[in-house]
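I would like the entire structure built from these sequences, with the hints used as guidance.
Chains as they are written, first to last, in the numbering used here: chain U, 7 to 117; chain E, 936 to 1046.
Bear in mind the hints are in silico, worked out from the structure with no lab data behind them. Glycine residues also receive a C-beta, built at the ideal position from the N, C-alpha and C atoms. Any given hint could turn out to be false.
Stated by the list, open to error - Selected chain E positions facing chain U (Cβ under 7 Å, derived; list incomplete):
no., residue
1, 975
2, 976
3, 978
4, 979
5, 1039
Unchecked claim - Okay, the calculated bits of chain U under chain E, using three or more residues with CB under 8 Å as the criterion:
no., region
6, 46-60
7, 104-117
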Amino acid sequence: GESVGLHLPTLSVQEGDNSIINCAYSNSASDYFIWYKQESGKGPQFIIDIRSNMDKRQGQRVTVLLNKTVKHLSLQIAATQPGDSAVYFCAEKTGANNLFFGTGTRLTVIP
Amino acid sequence: SQTIHQWPATLVQPVGSPLSLECTVEGTSNPNLYWYRQAAGRGLQLLFYSVGIGQISSEVPQNLSASRPQDRQFILSSKKLLLSDSGFYLCAWSEQGTEAFFGQGTRLTVV
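Okay, here's the thing in structure tokens:
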């Protein structure tokens, strides 16, 4: 399901360090997961996705890890840059149609 | 390539006035369409989704309604706006089983 009405948790990291953003999902039947990045005043943008038959997927500077046993998803950003500052959402999809978002985490990169 | 258009970008409406937000998608057929709302500093709340013309599923009972008069057109409406309807409204589309792509959002302020 969704977590709404909650203030966003925050994460501050030093430029150049690695960032790890975590997400707990609720539905064990979810078979597709997505990480989105949302900059202020804009719509969310797709970063990376992973299907439930995988436990790790890598992109450019980003890695998503999926632990189905504990229903946990994480996004790792290598060598975090100031342009990475944004709100990051995980989303889970159950079946073909419903896409539910987590609460989101605000990442602030300190120069 | 596919594009999504959402307008207007900002809107200030008095309490009790009607609302109509429009979203159109180009470059794809029979997409899944979504309306989300995001309160300031909060996560994304799924309001409606549609898998085809005239097919609308509501996730949260509220003062809003949605319609899909054409395959690639999704409209969010209200007959009488409430103060609590203020927020950032996002339209999104996806193909079955894939990530969703978001429009740029409409910031609605009800005064």
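Now for the hints, and whether the structure bears them out:
1. 975: Nearest chain U Cβ about 10 Å off; hint violated.
2. 976: Holds, about 6 Å.
3. 978: holds, 4 Å
4. 979: At about 4 Å, which falls below the 7 Å cut-off, the nearest Cβ of chain U leaves the hint on residue 979/E intact, so it holds.
5. 1039: holds, 5 Å
6. 46-60: As far as the region 46-60 of chain U goes, the hint holds, because 7 residues have Cβ atoms under 8 Å from chain E.
7. 104-117: holds (count 7)
Taken one by one, the earlier hints fail for this structure only at number 1.
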